[in-house]
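Model the full structure from these sequences, guided by the hints.
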Amino acid sequence: MILSLLLVGLTFLANTSLAPFKKNCWATSSPIARAAFSSPLQKKILEHLREIYQEVKEMGPYPGENFIKQEFFIEIDGDRTNKEEQVVVLIQPQLKLEKMLIQITTFSAPKVDTLRLAVSTKKISCALFQKDLALTGSDYSDEQTCQLLEAILKGIRQEKKLLNLIKNKKKKIKISFGPS
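Numbered per our numbering, the sequence shown spans residues 1 to 180.
Hints are computed from structural coordinates only; laboratory data are not their basis.
Some hints here could point you the wrong way.
Stated by the list, open to error - The following label-pair restraints were derived from C-beta to C-beta distances:
{"hint": "1", "residue 1": "169", "residue 2": "95", "range": "24 to 32 angstroms"}
{"hint": "2", "residue 1": "122", "residue 2": "41", "range": "13 to 21 angstroms"}
{"hint": "3", "residue 1": "130", "residue 2": "169", "range": "16 to 24 angstroms"}
{"hint": "4", "residue 1": "88", "residue 2": "143", "range": "17 to 25 angstroms"}
{"hint": "5", "residue 1": "66", "residue 2": "40", "range": "22 to 30 angstroms"}
{"hint": "6", "residue 1": "93", "residue 2": "51", "range": "25 to 33 angstroms"}
By construction, the Cβ of each residue, glycine as well, lies at the ideal position given by its N, Cα and C atoms.
In structure tokens:
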């Protein structure tokens, strides 16, 4: 009973407020639901979404905000000199449900060092209820979604390592303004 209510609720969210797009929408929660969505690719996508959620949730909200928003510039083509993709991850709690929106903006290759134009903006969204996770929308095919989420997860982890190095370095540096 609870499972069917959850799936109905998640389907309602997929069709209404979460996203204006509905290309790829599916859920997985209990063993019954997992059997219905047992594609290895779909399982991998949900694993990546859950890991991205955990990594970004760990970073926490900015002071005074009741949602989490983090921005990352990542490389998908492997060239670190032209990070052409901006990823914004937004986690927003609503009652007992949390919605996560991943927005990927692709910029043109730099013709001038300081100027890049946005070429496209696409989204991937999901909803989390306790330990249940549902993909509620994606502007990409399943294969593209899986590859992109893997690259995003890798980029988030690399950026978090850099942020931790910077924080640790700041802690080690002692500033003195005179004799001690």
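Cross-check of the supplied hints:
1. Distance hint for residue 169 and residue 95: a CB-CB separation of about 41 angstroms, inconsistent with the stated range 24 to 32 angstroms.
2. Checked against the hint of 13 to 21 angstroms, the C-beta distance between residue 122 and residue 41 comes to roughly 18 angstroms, which is consistent with it.
3. Between residue 130 and residue 169 the Cβ separation comes to about 38 angstroms, which falls outside the hinted range of 16 to 24 angstroms.
4. The hinted range of 17 to 25 angstroms is satisfied by residue 88 and residue 143, whose Cβ atoms lie roughly 23 angstroms apart.
5. Between residue 66 and residue 40, the C-beta spacing of about 36 angstroms breaks the proposed range 22 to 30 angstroms.
6. Distance hint check for residue 93 and residue 51: the Cβ-Cβ separation is about 19 angstroms, which falls outside the suggested range of 25 to 33 angstroms.
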